[in-house]
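K.L.:
The chain contents come next:
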Amino acid sequence: MRFVDEFRDPAAARALLATIRRLADESGEHHKFMEVCGGHTHTIYRHGIEHLLPESVELVHGPGCPVCVIPMGRVDDAVWLAEQPDVVFTCFGDMMRVPGSRGSLLDAKARGADVRFVYSPLDALKIAVDNPAKQVVFFAIGFETTAPSTAVTLVRARELGVENFSVFCNHVTIVPPIKAILDSPDLRLSGFLGPGHVSTVVGTRPYQFVPKVYGKPLVVAGFEPLDILASVAMLLTQLREGRCEVENQYSRVVAEEGNPAALSLMGQVFALRPHFEWRGLGFISQSALRLHDDFAAFDAEARFDMPGVRVADPKACQCGEVLKGVLKPWECKVFGTACTPETPIGTCMVSPEGACAAYYNFGRMHRDAAQLVGQPAR
Amino acid sequence: MCLGIPGRIVEITDPANHLAKVDVSGVQRTISVRLLEKDMPEPDDWVLVHVGFAMAKIDEEEARLTLAAVAQLGSAYTDEIEAFDSSQII
Ligand code: SF4
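Here the protein sequences line up with chains S and R, keeping their order. If you read the first sequence in UniProt numbering, its first letter stands for residue 1, the second for the next number, and so on. If you read the second sequence in UniProt numbering, its first letter stands for residue 1, the second for the next number, and so on.
Honestly, the hints are just simulated from the structure, not real lab data. Since we're looking at a predicted model, the values are computed, not measured. Treat the hints with care, as some may be off.
The following label-pair restraints were derived from C-beta to C-beta distances [claimed, not checked]:
hint	chain 1	residue 1	chain 2	residue 2	range
1	R	ASP44	S	ALA255	17 to 25 Å
2	S	LEU106	R	PRO15	38 to 46 Å
3	S	GLY336	R	SER75	17 to 25 Å
4	S	ASP25	R	ASP23	45 to 53 Å
C-beta: ideal position from N, C-alpha, C; glycine also.
Turn these sequences into a full structure, and let the hints guide you.
P.N.:
In structure tokens:
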């Protein structure tokens, strides 16, 4: 119980753990719950939560880390864009180190490309305004959490009449990969911890198909250790009571209807792509966004004659299995040896929300500690 | 990058363009509040800040507890504040 000390209210954590233990014992079954969001994965490893849970309750990681799901071909396209004459290529810091087949954006920068990390897409727009002689491209990635920010930036770019700004759009949506995982025969899940911040935008309704079509409960969860424990207890309670619903543990931040302003902006600026490739998961139909025709003037894929080649993920990389929750990070053959946060082979080792990076940074410590105190490592 | 960090609105600097000055852990930068245009925050309100945008209003207690929890994430937190600090939005 040593990790409980880090929690913001140890008494509450203990009470929740007792509830979880009781429900797990009463159920007598083994339960696998998938935490969809990389933010949850980070919290779980950071606080050693998996070792506090009874052995019959297992948390598996899902595909909700935006950096992790970008396939190699898109990284290569980004590197190609960055190396075009007079281009300033802008991206979030995490994307700089994702390896492509000709190295990462950081490598492109070392070769002389003008690659800059930005905190916000609005920063990229500012660079465009300040450098009218350059073509400024923003590498847009992320789920519905981040897509509205790109949408506002594009609306702003149009208002300001900025002509040297474009977006390489790689936004993805949260529901299709959840569906893909539910359709895949690899994994038998008892329920889901639903993503928190994505849900501030989309609300809780898009998840209704999880109980309705697939008969699994889903609880939208916050990011603190107590949120995770409370959500696990809520999932077990539903199973115990024979209920199967979408519940909102994070109602202090997530409204049921989400953020209507953000959703309507996204509707104006984006359109669904017929299909999109996900790292390790293959092509998933209607799972990603492109710029709406009204914003075609800002679409990097239209402005530049991009090669758009499809590249297979590196052979050694088992990120696909990790993203589907089929493999634990340490079960990948190159984990911690050839693949580390300093020299990542796969995407899951790059972002702090990636399961491999989170486990590399925190998990091993807790796993060793758990073994020391005689708890089985899982 | 998916981290949402609580910030306190200092001033709505440009209402027409939905820009506000926000204080995140002592660092003050400009963010966009356009995603909250239907329920505009006011000075001293707390919001969840993600890539330069206010995503949701949150109450003060939630904000303080979340900040404390996020601060425990170590480098993920300091990297986020550093990135926020680098922001040039005007
Ligand atoms: S250890 Fe590296 S290669 Fe293996 S799954 Fe994780 S990120 Fe991918």
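K.L.:
Regarding LEU106 of chain S and PRO15 of chain R, is the given constraint of 38 to 46 Å on their beta-carbon distance met?
P.N.:
39 Å, holds
K.L.:
Are ASP44 of chain R and ALA255 of chain S spaced within 17 to 25 Å by their CB atoms?
P.N.:
21 Å, holds
K.L.:
Return holds or violated for the Cβ distance of GLY336 of chain S and SER75 of chain R against the range 17 to 25 Å.
P.N.:
Once the Cβ atoms are compared, 18 Å apart, the range 17 to 25 Å for SER75 of chain R and GLY336 of chain S holds.
K.L.:
Within 45 to 53 Å: is that where the Cβ-Cβ distance between ASP25 of chain S and ASP23 of chain R falls?
P.N.:
47 Å, holds
Violated hints: none; the structure is consistent with every hint.
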